[in-house]
Amino acid sequence: MKLEVGYIDIKGIRFGDYNAVEDGILIVNPEPLLEPVLEDPLIKSAHFEIATPGESIRITPVKDVIEPRVKVEGSGGVFPGMVSKVDTVGSGKTHVLRGMAVVTAGPIVGFQEGIIDMTGVGAEYTPFSKLHNLVLVMEPVEDFKQHEYEAAARLAGLRTAAAIGELARELVPDETVVYETPTIAETFKEEWKDLPRVGYVMMLQSQGLLHDTYVYGVDAKRTLSTLISATEVMDGAIVSGNCVSACDKNTTYHHQNNPVIHDLLAVHGKKINFVGTIITNENVYLDDKIRSSDWTAKMANYLSLDAAIISQEGFGNPDTDLIMNCTKLEKQGIKTVIITDEYAGQDGKSQSLADADELANAVVTGGNANEVVILPPLDRVIGTLDYVDTVAGGHAGSLRPDGSIEAELQIITGSTNEMGFNRMSAR
Amino acid sequence: MSKFKVVHYINQFFGQVGGEEMAHIPAEKREGPAGPGLAFSKNFGDEAEIVATIVCGDSWFNENLELATETVLEMVKEESPDLFIAGPAFNAGRYGVACGTICDAVQTELGIPVLTGMYVENPGADMFRTKVLTVSTANSAAGMRKAVPTMAKLALKLVKGERIGASVEEGYLPDGVRRNFFDKKRGSTRALEMLLKKIAGAPFETEYPMPTFDRVPPMPAIKDMTKATVAIVTSGGIVPKGNPDRIESSSASKYGSYSIEGVDDLTSDTFETAHGGHDPVYANEDADRVIPVDVLRQYEKEGKIGKLHDWFYSTTGNGTAVASAKKFAAEIAEKLISYDVDAVVLTST
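In order, the protein sequence lines correspond to chains A and B.
Quick note on numbering: the working numbering labels position 60 of the first sequence as 60, and the sequence is numbered without any gaps.
Quick note on numbering: the working numbering labels position 258 of the second sequence as 1258, and the sequence is numbered without any gaps.
Treat the hints loosely; a few may be bogus.
To be verified - For lysine-lysine, the following PhoX-like pairs were computed, each having C-alpha atoms within a straight-line distance of at most 25 Å:
hint	chain 1	residue 1	chain 2	residue 2
1	B	Lys1005	B	Lys1185
2	A	Lys270	B	Lys1185
3	B	Lys1042	A	Lys349
4	B	Lys1327	A	Lys349
Hints are computed from structural coordinates only; laboratory data are not their basis.
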């Protein structure tokens, strides 16, 4: 599949009385954008706020982060099966509003949303402090069911991002990059025969209610491991639908900009032969774990891989899926590197993962999520601080009287990402 | 601003007393810096000074461990320093063990921050790296020029109470404590580079060495339980009231063997838990909740099992090192075999 991605750099966001992108500035007229959001009977109120890198702003509770994109040429539309109708994406031309994101915020579960600080210590840990953020703050109606409201909030974010992306349809990109993935037959061409055949195993959070990921609209926990093209992922074929610890959940933005995919494509045909991407789930039942990891191994074998990178989402229970995927590939002679993060305790002295195996001898870590950080008080809060003490990573008294926050890194959105999005590591 | 006071420990060789032939000399204290201490002083600049140097023979220290530790501790105490440095010992085994021993004693007994330096394969590094901050050095004194600035920088951070970064940043041997830091490249790029090395068969370094666990295949099932002798082994810390063996509440260094001959039921008057990792109220009220003596005794009477073994074996699993647990288990297993025990109920908390 061949996808031409045109990047339009966004240098700022401001409110106005029309919606457009002009000279790299996104102008937002809230009313028409909020209309479809408020049509949902579960959403009581919604409004937009703007957060610029370096501003003294704390956004919380953060649900998802989404990059606005639009399909300009080729079949399908962004977020197929969620916003656009189901149709294969990943070919043709896509425009991206680079340097910005739509952030959905507001209470959902109350203990599994995160924090994005736009300045200070906290900003160093989250990649989203570097983006111009259009924050969609929503509130649910009373007596809502959390999982139903999650679906409403998820869809509101995706629809808003798609609507903003639409503004880039006719624009001339600042940069254009062509990404191309081979067919199986092409991977055997003469020119690449000396290159190692490398695959990517992308694990998707699917532990259950509110811990879900969607692929072309399908709940990943109801799927078997399968193949997907790297360019389909760029067009939003995979979206986040989960409320898990903020630090190592893969937001929709992470999927759209998957760093493993980008790094593998960058050396494809030069240092490696990037044969394909396998997606596999992280279900909670043992039978599911065995079946999915068996299937991953079968597919890796079918692709005749020499080596693979395996990325994870979440921690604890999914550590077992990670180790199963890793060991089953290694036992077939497929060399692996796994990307994970650690829960080594606040003192850093505990065992980092819930499972271990000596075959997992090549590990990249996104850092210890239990490490405590003190976030300074910031001038403005987008959303509410009501949940800081109860969110994963916080504790009673996390929010201190002066507005500063003492909490584990777990609380910061994207801080210990297990796709290897960040520079943070641990020893 | 007054300078931080540092006491430095070196061996007879670096104290320029002599080589192996002088390794028997007892500890002596000199004023000011000596040997490698001069290089440290230079690196400390105006911020810290070595007020005294303790020179000690490697053989004397290792052959008189207790006396040597006491003697050196006393010498350090007299100076009431802000920091204690030993070595670097490079690959000198006895020197390394002395540095580790004395650093451990100084930080535990005197509450003063300590620092040493060694080659990764020095036996002293193996023994002390998780207790004493140990800078990774070359295997010979040729590495002095590189070791001193690394140690001096870390020493100043310690004495000022500044945050210590990850081992790869600061240059110390991994001490079992995981610390975050910002690497130069993002994780996905590090993963790709690691994979390329692994594919090429080149050496690579994992960012998280996996702990290795023994996977023990289960024994075949017992065919006739009515003839089996059943024993109880626990990491739940159940001990006779008063904890006669003083088993630690956390990070246990021992286990106990206790008789339950003729005991039908554990009561709050006779047994309790030594475990510090859980709320002990329910265990202390009725220790059968942790080790089911009452139920097993009942089974014994009903003929469901052959016999309840007269002894149970207990330690606290709370923060106890795997190495210690392994040692206890080997000893307990031998005892169980010698008593012809057929089955064990293992309980934890």
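Here is what the structure says about each hint:
Only pairs whose Cα atoms come within 25 Å are accepted, and lysine 1005 (chain B) paired with lysine 1185 (chain B) is rejected, the gap being roughly 39 Å. Taking the CA atoms of lysine 270 (chain A) and lysine 1185 (chain B), the gap is about 20 Å. The hint holds against a cut of 25 Å. Pair hint lysine 1042 (chain B) plus lysine 349 (chain A) does not hold up; C-alpha atoms about 35 Å apart against a cutoff of 25 Å. A threshold of 25 Å between alpha carbons decides the hint, and for lysine 1327 (chain B) with lysine 349 (chain A) the separation of about 21 Å falls inside it, so the pair holds.
Hint compliance for this structure: hints 1, 3 are broken, all remaining hints hold.
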